[in-house]
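2 protein chains.
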Amino acid sequence: MKIQLTQLEVIPGHPSTNTQRMVSFIEEAKAHGVDLIIFPEMCIPGYLIGDNWERESFLKDCEACGEQIRQASHGITVIFGNVAMDWSRKNEDGRVRKYNALFLAEDGRFIGPENGPYDFAPKTLMPNYREFDDSRHFYDTRKLATELSVAIDELIRPIPSRLGRLGGILCEDGWCMDYDVAPIAILDKQNCRMLINISCSPFTLNKNHKRNRVFSEHASRCGIPLAYVNNVGIQNNGKTVYTFDGGSCLYDGMGNQVSLDTTFSEAKLILDLPDAGHPLGDPTRLEDDGVAEIFKALQFGADRFMKTCGITRIVIGASGGIDSAVAAALYRTIMDPEDLLLVNMPGQYNSDTTKAIAASLAEALGCYYTSVPIEASVALSTKQFDGLRIKRSDGQGERHLELDEYVFENIQARDRSSRILAALAASFGGAFTCNANKSEMTVGYTTLYGDLGGFLAALGDLWKSHVYALGRYMNMEVYQREVIPEACFTIPPSAELSPHHNVDQGQGDPLIYDYHDCLFASWVERWSRATPEDALRWFKTGRLEKEIGYMGDIHELFPDARAFIADLEKWWRLYQGLAVAKRIQAPPILAVTRRAFGFDHRETQCGVYFSQAYRALKAEVLVEG
Amino acid sequence: MKIQLTQLEVIPGHPSTNTQRMVSFIEEAKAHGVDLIIFPEMCIPGYLIGDNWERESFLKDCEACGEQIRQASHGITVIFGNVAMDWSRKNEDGRVRKYNALFLAEDGRFIGPENGPYDFAPKTLMPNYREFDDSRHFYDTRKLATELSVAIDELIRPIPSRLGRLGGILCEDGWCMDYDVAPIAILDKQNCRMLINISCSPFTLNKNHKRNRVFSEHASRCGIPLAYVNNVGIQNNGKTVYTFDGGSCLYDGMGNQVSLDTTFSEAKLILDLPDAGHPLGDPTRLEDDGVAEIFKALQFGADRFMKTCGITRIVIGASGGIDSAVAAALYRTIMDPEDLLLVNMPGQYNSDTTKAIAASLAEALGCYYTSVPIEASVALSTKQFDGLRIKRSDGQGERHLELDEYVFENIQARDRSSRILAALAASFGGAFTCNANKSEMTVGYTTLYGDLGGFLAALGDLWKSHVYALGRYMNMEVYQREVIPEACFTIPPSAELSPHHNVDQGQGDPLIYDYHDCLFASWVERWSRATPEDALRWFKTGRLEKEIGYMGDIHELFPDARAFIADLEKWWRLYQGLAVAKRIQAPPILAVTRRAFGFDHRETQCGVYFSQAYRALKAEVLVEG
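Going down the list, the sequences are from chains L and H.
In this text, residue positions in the first sequence follow the working numbering: the first is 7, and each later residue adds one.
In this text, residue positions in the second sequence follow the working numbering: the first is 7, and each later residue adds one.
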């Protein structure tokens with residue numbers, strides 16, 4: 007039995023494009039004598055497509071595409087994912103009944119699980135965390151079992167293909183640890199020849215490692231081969247853009263696997279189904295992801311997102327700081343130098359140091375470069391606004407507005423993005439980037455309509471330490487020369503918006519990145535998210551460093567509990583306050599961690615809250631301290 | 007039996023604040039001899055609070071608040087909503103088990119449904135549409151029944167209070183039309199003295215009408231009283247802000263109701279539980295909402311959102327057009343004239359007509375006013391950018407950038423918002439508004455970082471026709487004088503950004519609002535959302551006007567099918583293309599319709615797609631035409 011795993015690059019929201027591509031894969035596979043060709047979950051419609059599921063004409067289009075695959079299935083068995091409708095039933099929202107389904111087509115007909123109500127297999131377990139909204143759109147096998155008054159086991163059955171009884175499941179069905187139904191265990195009792203998991207599972211740092219462990223265990227526990235087929239490409243939920251790395255592979259009945267030797271690219275793998283007792287390939291790899299995987303994901307994601315938006319040219323505001331330098335080096339790997347323009351926008355507080363860095367960066371990249379000073383425009387604004395008279399027509403009031411230091415800082419930042427970059431990008435025929443990192447975004451250390459503007463925040467899910475590591479990696483491994491000037495790594499990170507931001511005097515951002523990145527990650531990325539209450543309790547009991555993974559000693563940063571608390575509250579207030587308002591208007595973020603801002607980390611503007619236990623603990627600590 | 011319905015103003019994300027307020031209501035009710043006091047769903051934590059449910063310290067804080075209510079329940083029966091944890095079990099996401107629960111406390115203890123596993127009643131039906139994400143966070147009675155291997159009826163039981171057997175349900179449990187479980191029907195068989203539905207149900211145009219019909223039917227079918235208690239206030243999911251109007255009321259066993267005579271304000275209603283056969287109050291009202299309700303919702307929502315964000319002063323860019331005039335008149339109803347600043351920002355294409363309107367609007371409102379011209383700044387930008395030389399360091403290229411007409415239009419729009427309004431708002435000590443309406447937002451007829459900037463788009467869920475109606479209403483009913491100058495209603499709506507936008511020559515926006523509003527609403531607001539395929543099919547069969555509610559004749563707008571299709575595709579491309587990118591970075595929108603942009607209408611950037619059926623239909627129509 008010859009199998010082909012097809013790691014399709016799915017174009018979300020474009021069913022006919024995906025279907026054409028699938029049909030050509032199917033024809034090619036037939037020519038190679040393939041018996042079973044497998045495509046990923048939701049490979050016809052795409053998966054993260056917002057609420058487009060509510061359009062019946064779109065659903066019918068997907069259905070018509072499924073028919074085209076059925077018609078192409080003469081002489082071959084095809085497994086693929088699509089949305090499946092039961093037009094005679096309703097979802098709980100009153101719209102037409104939809105399933106996230108696995109279809110098997112062979113010899114021109116669809117075959118569903120044995121004795122089941124449909125000619126497709128619906129997904130059983132619905133992820134409703136992070137970026138996933140499955141229950142918003144899809145009815146599942148568990149609800150169907152209740153509706154039909156049958157046991158769930160009656161619906162999770164092998165599909166009787168001419169190739170034998172195949173156990174077909176979808177993505178989350180293989181991740182059943184926290185559910186009260188275990189689809190693989192149910193199928194395992196029913197004498198399947200093999201298991202097939204079709205997925206649409208985004209890249210997340212270190213997820214492949216975990217998936218390999220979980221799926222290898224499934225295969226070895228059942229003692230039969232398990233095919234895992236995932237797509238590549240990007241899909242987004244508006245605020246958050248996900249990359250899909252593929253990682254499709256076949257596990258033998260001992261849990262060993264053979265995988266496609268490529269990630270982030272469309273590929274296929276043809277191999278013979280291993281016999282029981284004959285080991286296949288290598289034991290599962292168990293390596294953590296590192297900066298190389300981050301680079302790959304960002305490079306692939308930025309490239310595909312540009313294509314999705316139809317953007318071919320990029321403008322980057324190059325300040326001489328590390329973030330814009332890393333962004334420029336990253337984009338240069340996916341585009342020709344004539345399509346990339348770096349713009350340095352010096353104002354009165356920018357040092358010769360950073361101006362020189364920006365120029366040498368552009369030189370190293372060989373791209374277009376120019377300098378557009380902001381001084382004249384900022385002076386004009388100052389003249390127009392500072393002391394501006396406003397008055398009430400009823401004669402009841404007259405005031406003169408004044409610009410304070412912070413307003414003046416933000417005027418500079420907005421002048422750069424909204425006045426210069428936006429216009430230059432349009433003239434250059436492209437878009438400009440947002441170079442904000444996750445540390446800044448967490449606490450809103452950015453200016454709205456200023457450095458927070460842009461078409462995509464490619465570094466928006468990277469902590470500052472990741473940004474430095476990515477820069478080092480690109481110089482050493484990607485370019486193998488000093489593209490990002492060494493000074494970028496050694497000067498203090500600084501906004502250079504005021505006389506207090508002098509890099510040559512060692513002045514920089516108010517964040518202690520080594521520590522704050524760890525603290526913020528505990529607020530954002532821990533599965534059960536921490537708050538100041540947790541941090542203060544850990545501080546009190548001497549466990550803070552260990553809990554948040556900070557390598558230093560907290561007492562070297564803060565002289566006493568009062569100082570620790572003041573810092574903690576300051577950043578928490580920003581994270582929960584103004585930073586939320588800024589994130590709501592931030593560009594899409596390219597996700598790499600287990601929790602990216604946006605649709606993955608859903609937020610509310612409701613002001614700052616400290617729990618009652620925090621307040622009690624604080625009183626205690628301050629009395630002690 | 008004396009009952010108090012407490013239409014609490016819930017502050018989401020602030021459990022201790024809500025709890026203090028509840029305790030004082032309870033103490034007051036005791037003094038009035040109330041037997042049963044009822045608070046709304048999730049009145050301790052709030053409901054739309056993003057992913058804050060993932061913080062265990064927050065959950066423990068809510069639990070501690072629930073304890074405080076329990077302790078306050080001596081001598082009275084208290085029903086309220088809170089999050090309930092089962093720390094020994096997990097949710098399907100691996101986090102702690104959480105329920106959206108109804109608690110009944112009396113004489114210092116919690117009482118759960120008869121023979122149930124918990125001392126609270128979990129919600130059974132989980133809404134997962136529009137702004138709701140219940141299954142993301144909460145386990146429900148249906149899953150619990152499967153887990154415990156009991157029939158669902160075993161878990162939906164009356165609560166044995168000292169006041170009798172009370173049937174307690176939560177919000178969606180009363181809206182069971184499309185679910186396969188009907189909680190009220192199950193309770194109806196169990197001899198309850200009364201039904202209690204606690205809700206956290208946002209205002210939506212015409213929803214109260216429907217709710218009255220549905221709940222009145224429940225009460226009359228069961229033949230027992232039904233108390234409906236909803237909160238007031240605002241809650242948001244970041245991109246979308248919801249108002250809660252309350253509408254709490256008591257239905258007797260014949261379906262007649264007595265309601266609080268106030269909406270959008272905290273209130274209580276004390277009354278005696280009606281005996282069977284004794285009619286209570288009036289039959290259910292069945293009136294559609296109109297512009298008065300829109301005004302109330304926007305006024306309340308904008309006021310509370312300012313309070314949530316700590317904003318006390320507002321700056322509005324007053325162009326002389328209808329949107330900014332309506333926004334100014336709206337904000338003026340919730341703030342003193344000394345806290346409101348209108349700024350006219352004339353450029354070379356602004357007419358004397360609109361400048362005069364802006365000045366008279368400010369005069370009518372009695373607020374601060376000033377004029378800041380953009381000509382000097384725009385000239386400076388033109389000088390800096392037009393013909394700007396960019397070059398590559400490797401000598402491989404040199405170009406001069408040029409500004410075309412559209413770039414020049416957007417430079418003006420961004421100059422107004424990002425340069426002037428942002429700085430003036432900060433100096434004035436407040437925020438500036440986004441005055442974009444839903445028609446513009448649908449197709450991105452706005453400039454990012456320009457008129458799409460601001461802290462809140464108060465009119466962002468209103469079609470252009472709603473904006474005009476609201477303006478008329480405010481002049482006639484709210485102010486009872488011509489605050490918004492009559493000329494605002496009669497000049498063509500125009501951006502005044504180019505020589506082709508001359509209002510005095512009748513030139514204005516490219517949108518035919520009467521028609522396009524209807525077309526766009528079919529794409530955005532229909533429950534099963536329409537697409538060009540539907541529109542073209544309706545056009546072909548002569549049903550378009552009726553289907554979309556357009557009062558005119560489509561053939562008077564377009565000479566032939568080709569022209570109709572060109573227009574249809576043009577706007578669809580914008581709606582699905584650049585407008586999505588703009589909405590991702592748009593400010594929060596105040597929701598009033600059944601589908602507001604943002605978290606309610608989830609989107610993806612995936613480019614424009616026309617279904618295969620559309621393409622076939624188009625070919626057909628063009629051949630015929």
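Worth flagging that the hints you see were computed from the coordinates, not collected in a lab.
For clarity, every value in this text was computed on a predicted model and none was experimentally measured.
A hint or two may mislead.
Identical chains share a label here; the pair holds if one copy fits it or two copies do between them.
[Stated by the list, open to error] Under the rule of at most 25 Å between Cα atoms (straight-line distance), these lysine-lysine pairs were calculated in the DSS-like manner: (1) Lys-216 x Lys-96; (2) Lys-274 x Lys-546; (3) Lys-397 x Lys-8; (4) Lys-149 x Lys-195; (5) Lys-361 x Lys-313; (6) Lys-66 x Lys-552; (7) Lys-216 x Lys-274; (8) Lys-361 x Lys-213; (9) Lys-624 x Lys-66; (10) Lys-576 x Lys-213; (11) Lys-213 x Lys-66; (12) Lys-216 x Lys-389.
Status of each hint after checking the structure:
1. Proximity of Lys-216 to Lys-96 under the C-alpha cut-off of 25 Å is restricted to the inter-copy arrangement: shortest distance 20 Å between copies versus 36 Å within a copy.
2. For a Cα distance limit of 25 Å, the shortest separation of Lys-274 from Lys-546 qualifies neither inside one copy, at 55 Å, nor across copies, at 44 Å.
3. Neither within a single protomer nor between protomers do Lys-397 and Lys-8 lie at most 25 Å apart by alpha-carbon distance, with minima of 82 Å and 56 Å respectively.
4. With identical chains, the CA atoms of Lys-149 and Lys-195 are at most 25 Å apart both within one copy (22 Å) and between copies (24 Å).
5. For a Cα distance limit of 25 Å, the shortest separation of Lys-361 from Lys-313 qualifies neither inside one copy, at 31 Å, nor across copies, at 43 Å.
6. For the homomeric pair Lys-66 and Lys-552, the shortest alpha-carbon distance between copies (23 Å) is at most 25 Å, but the shortest distance inside one copy (54 Å) is not.
7. For a Cα distance limit of 25 Å, the shortest separation of Lys-216 from Lys-274 inside one copy, 23 Å, qualifies, whereas the shortest one across copies, 54 Å, does not.
8. Taking the closest pair of Cα atoms, Lys-361 and Lys-213 never come within 25 Å of each other, the shortest separation being 40 Å inside a single copy and 59 Å across copies.
9. With identical chains, the CA atoms of Lys-624 and Lys-66 are at most 25 Å apart between copies only, with a shortest distance of 17 Å across copies and 59 Å within one.
10. In this homomeric assembly, Lys-576 and Lys-213 never come within 25 Å of each other (Cα to Cα): the closest approach is 33 Å inside a single copy and 42 Å across copies.
11. In this homomeric assembly, Lys-213 and Lys-66 never come within 25 Å of each other (Cα to Cα): the closest approach is 34 Å inside a single copy and 30 Å across copies.
12. Taking the shortest alpha-carbon separations for Lys-216 and Lys-389, neither the intra-copy value of 59 Å nor the inter-copy value of 57 Å comes in at or below 25 Å.
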